[in-house]
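Asks: Single-letter residue listing:
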Amino acid sequence: MKILTLVRQVPDAEARVKISGGQVDLEGATLVMDGMDEYGVEEALRLREGGAAVEEIVALATGPKRVEDALRTALAMGVDRAIHVETDQALDPIALSRVVAQVAQAEGVSLILVGGQEADWDSQALGAATAERLGWPQLTWTNELALEGDTLTGRHDVDDGNESFRVPLPAVVTTQQGLNEPRYPTLPNIMKAKKKELRKDTLDAYGAAPTVRVVGSDIQTRARLNKMIDGKDPQAAAAELLDLLRNEAKVIA
Amino acid sequence: MIDEFAVFDLLSPDEKLIRESVRAFAEAELLPHVAEWWDAGTLPVRDVMRRFGAMGLLGPTTPEAYGGAGTSYSAYGAMMYELERVDSGLRSAASVQGSLVMFPIHEYGSEEQKRRYLPGLASGELVGCFGLTEPDGGSDPGAMRTRARRDGSEYVLSGSKMWITNSPAADLAVVWAKNEEGVIRGFIVPTDAPGFRAPEIGRKMSLRASVTGEIVLEDCRIPAGNLLPGSGGLKSPLSCLTSARFGIAWGAMGALEAVLRAALDYAGSRTTFGKPIAGRQLVQDKLVRMATDHSAGLLLAWRLGTLKDAGRMNYAQVSLAKRNNVRVALTGARLAREVLGGNGITTEYPVIRHMLNLETVDTYEGTHDIHTLIVGRHLTGVGALE
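Just so you know, the sequences run in chain order A and B. Following my numbering, the numbering of the first sequence begins with 113 at its first residue and continues without gaps. Following my numbering, the numbering of the second sequence begins with 423 at its first residue and continues without gaps.
Warning: the hint list may mix true and false statements.
[Claimed, not checked] When the alpha-carbon atoms are kept at most 27 Å apart in a straight line, the in silico DSSO-like pairs for lysine-lysine are as follows:
#1 B:K697 <-> A:K344
#2 B:K697 <-> A:K304
#3 A:K306 <-> B:K438
#4 B:K438 <-> A:K307
#5 B:K438 <-> A:K304
#6 B:K697 <-> A:K307
#7 A:K308 <-> B:K438
#8 A:K362 <-> A:K339
#9 B:K697 <-> A:K339
#10 B:K438 <-> A:K177
For the record, the hints were derived by calculation from the structure and aren't laboratory data. For clarity, every value in this text was computed on a predicted model and none was experimentally measured.
Input sequences plus hints: build the corresponding full structure.
Replies: Written as structure tokens, this is what we have:
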């Protein structure tokens with residue numbers, strides 16, 4: 113069997129993002145593989161290392177040229193080959209699912225791993241949309257996976273407990289924190305990854321056009337008013353505080 | 423991360439990935455423990471070396487056939503930067519194994535020696551050390567007293583070596599000794615050979631997260647086949663030092679980033695007279711000096727890497743870069759210590775640890791003054807060294 117794992121490139125959690133022209137400006141920001149997708153790559157590798165009959169693990173990414181770096185990371189972690197659908201167009205999750213589903217069919221994969229959510233656009237829709245297009249079952253927010261032949265078993269944690277499941281392949285699985293601890297690419301594997309295939313593809317072939325467009329972005333700012341209340345007269349100070357909370361901040365009635 | 427001139431963008435994609443991966447590894451696996459190791463004055467050498475080996479940090483430029491990764495020297499430098507950002511002692515452990523043990527075995531060893539030792543050294547299953555410096559002075563290695571005498575199918579070594587990183591924990595030592603003709607040769611000495619001892623050096627106030635010892639050779643007998651056949655003359659051990667110094671030129675900038683980051687964070691949150699000290703001119707002066715030295719030093723290290731990878735690097739360039747980068751890192755660490763005030767003297771913060779470590783780095787692998795004289799001789803053609 114083959115596994116397809118989707119890789120998205122997002123700003124590093126520590127990166128300071130800027131907004132310019134209503135868009136997130138990534139110039140100068142450190143970009144990394146989305147942590148949620150890293151769980152997917154790691155899990156694919158672990159399923160194979162755990163003895164499952166995994167013939168090949170393929171990583172897929174869409175986006176501009178720089179997205180190659182995230183695919184190189186996946187290759188260095190141990191993925192066998194990568195496909196880069198190169199485009200400067202930002203795809204919404206429904207459009208992206210069209211690409212993922214077609215690649216899955218063309219490659220003949222029977223398991224798709226995608227992040228349960230996305231660090232840059234938290235739609236949580238990609239897994240579901242891909243499963244819908246393919247008519248495959250989807251298992252969301254998984255915390256544990258195992259493969260026995262063509263049967264996938266696993267668990268997902270909910271607030272006060274967990275559920276275990278069993279499903280025949282093919283299936284779409286979404287990941288979450290706690291699924292595994294992703295490995296660091298080792299130096300020898302980084303060097304070996306240079307010889308692995310990174311195939312370029314164009315978006316035209318997939319007929320995937322986004323319908324949702326981002327028209328504005330803002331960064332939440334929490335400016336402090338720095339209002340100081342004179343505390344010489346405690347009663348007057350308390351009265352002023354109440355007045356401010358009630359009439360200015362409007363947090364009490 | 424601090425990289426004002428986007429120097430790391432100049433690396434190739436795989437070199438960039440190596441740096442990022444080593445940084446992630448160092449932050450998760452080394453940084454949480456290093457202050458504890460340093461305070462205790464020890465390092466779990468075997469455990470750390472195996473973890474380094476699993477990541478491929480031991481002799482990464484060694485070809486794959488011998489267990490290495492076959493990386494460029496620029497990648498090796500970037501890796502050293504990230505290790506020394508954590509602690510100079512950890513970078514020292516990787517320097518010694520890669521540049522001072524694996525390098526001479528690869529460069530001067532027989533095919534059999536390479537196959538026997540390099541894979542184990544690369545994986546960290548074997549720990550090596552390097553014996554050149556003697557108690558009477560490290561700056562004049564040509565005056566060494568250690569002798570090797572051929573006795574049938576064995577060599578008999580006698581003498582002593584000083585300031586040897588990892589000697590008390592090592593499985594083997596690459597020892598440099600003069601033969602009966604007075605020629606310096608390299609020998610692979612198993613540490614369980616009869617007549618070999620490696621007492622630990624204690625009471626260090628620097629490189630405390632690193633194990634340091636002596637090597638005492640009392641008629642130490644080793645098989646004649648342990649001679650490194652390609653070694654001959656002082657240039658053999660000096661070529662190892664050139665390789666290690668290359669890594670130090672990069673590593674020192676990692677230490678400088680660490681102390682600059684600590685100083686920036688501290689200055690931004692410490693308030694005196696109603697505002698953060700980061701808004702004081704005297705503090706900004708220190709921070710700007712550190713950032714300037716970091717940018718210039720990192721550019722120097724990067725250029726050294728491209729020259730080395732192109733086969734165009736010379737020893738004077740290495741001396742210049744090691745001399746400059748370590749001294750500016752040490753100066754920067756002292757400035758950072760000052761910015762942190764009283765908090766700068768406790769190991770609750772990384773600054774004093776780096777500052778004290780860098781005192782060693784300024785001295786070992788060719789002292790600051792020796793490098794001045796090497797570069798001086800290169801520039802003028804007139805030696806002031808001998």
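Asks: Are the hints correct? Go through all of them and say.
Replies: Structure-based check of each hint:
Only pairs whose Cα atoms come within 27 Å are accepted, and B:K697 paired with A:K344 is accepted, the gap being roughly 24 Å. A C-alpha spacing of about 52 Å is found between B:K697 and A:K304, which places the hinted pair above 27 Å, so the restraint is violated. Between the alpha carbons of A:K306 and B:K438 the distance comes to roughly 13 Å, so the proposed pair stays at or under 27 Å and holds. Note on B:K438 and A:K307: the hinted pairing holds, with a Cα-Cα distance of about 17 Å set against a maximum of 27 Å.
Taking the CA atoms of B:K438 and A:K304, the gap is about 15 Å. The hint holds against a cut of 27 Å. For the hint pairing B:K697 with A:K307, the CA-to-CA distance comes to about 55 Å; that exceeds 27 Å, so the pair is violated. Using a Cα cut-off of 27 Å, the hinted pair A:K308 and B:K438 holds, with the two alpha carbons roughly 17 Å apart. Under the criterion of a C-alpha separation no larger than 27 Å, the hint pairing A:K362 with A:K339 is consistent with the structure, at around 15 Å.
Annotation: proposed proximity of B:K697 to A:K339 holds, straight-line Cα distance about 17 Å (limit 27 Å). Between B:K438 and A:K177 the CA atoms are separated by roughly 16 Å; this keeps the pair inside 27 Å, and the hint holds.
Taken one by one, the earlier hints fail for this structure at numbers 2 and 6, listed in ascending order.
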